[in-house]
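Colleague: Fit chain B to the supplied structure of chain A, relying on the hints for placement.
2 protein chains.
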Amino acid sequence: MIQFYSPDIESTGVLPETESGHCCRVLRMKEGDTVYVTDGKGHRFECSILDAHPKHTALEILTMEEIKPWWGFQLELCVAPAKNADRMEWLVEKAVEIGVDKITLMKCQRSERKTLRTDRLEKIAISAMNQSLKTNRTVIEGPVDFKNIVTDGFSGFKCLGYCDDTYPLRSFANEYHGGNLRILIGPEGDFTPEEVAMSVENGYMPVTFGGSRLRLETAALYAAVAAHVIGDPKA
Amino acid sequence: MIQFYSPDIESTGVLPETESGHCCRVLRMKEGDTVYVTDGKGHRFECSILDAHPKHTALEILTMEEIKPWWGFQLELCVAPAKNADRMEWLVEKAVEIGVDKITLMKCQRSERKTLRTDRLEKIAISAMNQSLKTNRTVIEGPVDFKNIVTDGFSGFKCLGYCDDTYPLRSFANEYHGGNLRILIGPEGDFTPEEVAMSVENGYMPVTFGGSRLRLETAALYAAVAAHVIGDPKA
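Chains as they are written, first to last, in our numbering: chain A, 8 to 242; chain B, 8 to 242.
If we strip away everything but chain A, and leave its shape as in the complex, we get (with noise of 0.2 Å):
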């Protein structure tokens, strides 16, 4: 099964340039062709291809399923981005094909990179949504002050990778029992001891994942697997 991207498919009928160059030139799909595409927004259609166009590929809505994150909790993870770009693109193709609602790049005091191109990031995102055949798009966003994610009220379990003494050590897949979650990944240099104080303040806890000492995307992705052993119905 192969499934396409096209936000606007009900209204419009038609895929993007890119995803028609994929469809009519790389896999040279022709006229009466069936394709899945789906809108990012929970549904999957069912279409037959009108008009093979490798820049407008013109579609016939044959069926339309709606399909919800199965996993059933809403899973954000705020990573600061890495100095190797590579590494932030990577963690977004892994975290979208194993299933994460959000992805905010976080600006921290020890950030050693500040920004990010989330347009390619997006990119990735959604090459990997229909890799793995998910209809519910992975919002990117950010770069966001590490200040304004902690103090956003956000409603659930929340917490953040840490493995300093300051604070007892709490594993992670010992403290989280299904529901909500927000994980912080820190930077290379790690949280100040400012911002951990003020994570806590506003109800995050510090945790480990696991005994290793992990790169910040590994952690990040161990933190997205952990999370549905532990909350997914279907894990």
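Everything labelled a hint here was simulated from the structure, so no lab data went into it. None of the values given here were measured: they were computed from a predicted structure. Be aware that a few hints might be false.
The list treats identical chains as one, so a pair stands whether inside a single copy or across any two.
Said to hold, decoys possible - Straight-line distance between alpha carbons at most 30 Å, and here's what the computed DSS-like set of lysine-lysine pairs gives:
| no. | residue 1 | residue 2 |
| --- | --- | --- |
| 1 | K90 | K241 |
| 2 | K121 | K154 |
| 3 | K90 | K114 |
| 4 | K90 | K62 |
| 5 | K90 | K37 |
| 6 | K241 | K109 |
| 7 | K114 | K130 |
| 8 | K114 | K165 |
| 9 | K130 | K90 |
Modeller: Chain B in isolation, oriented as in the chain A frame:
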């Protein structure tokens, strides 16, 4: 804390050439500096630099610490190499960071890549071992024929990632309850019915890893993290 790898540190008291270069050229460490060295066999040595030679750094061993893999069970990933070698290198880095004892490259009937240079994967595994401060080197083996793997009498929970409906779909997270574990992840083209049947005859359980259709390297990572979350007392 910076850790280097020297398999024969106890007998030679010297870092290998690549590690010496990293220590003295890249990190500019000097005589008298303290460094940590693992032999990859469960020991970490606190050492003082006697001669900061960029090709054969000489060390004095101050203390030795024995560190066993804390997860306390044998964790083996057997993976059919991905078409894209980068994805395998990424998988090895991440799997070693998270903590696996052995990664076997598996030759399957539908493998699109039959061979893969293991020397480069071993370099990546050593670097990830040092990065994540482990002291037991992850064994990289293969390529090994699928048949030889499933018939070698491994004792523990044995499963293979599978999403066809020939066998009842069981979730890895529901079926695995800790202890020695071997996970088989098939090629892009999936296992053949013959391979699945042969593995089942040999005590392997077809399992799913979450509700998504995952790329093979993502499935392997999901499996490694899930194994730690379920079976690792430090998870």
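Colleague: Now tell me, hint by hint, if it's right for this structure.
Modeller: Here is what the structure says about each hint:
{"no.": "1", "hint": "K90 <-> K241", "result": "between (34 Å within a copy, 28 Å between copies)"}
{"no.": "2", "hint": "K121 <-> K154", "result": "within (14 Å within a copy, 50 Å between copies)"}
{"no.": "3", "hint": "K90 <-> K114", "result": "within (13 Å within a copy, 36 Å between copies)"}
{"no.": "4", "hint": "K90 <-> K62", "result": "between (36 Å within a copy, 29 Å between copies)"}
{"no.": "5", "hint": "K90 <-> K37", "result": "between (43 Å within a copy, 27 Å between copies)"}
{"no.": "6", "hint": "K241 <-> K109", "result": "both (19 Å within a copy, 27 Å between copies)"}
{"no.": "7", "hint": "K114 <-> K130", "result": "within (22 Å within a copy, 33 Å between copies)"}
{"no.": "8", "hint": "K114 <-> K165", "result": "within (18 Å within a copy, 43 Å between copies)"}
{"no.": "9", "hint": "K130 <-> K90", "result": "both (20 Å within a copy, 22 Å between copies)"}
No hint from the list above goes unmet by this structure.
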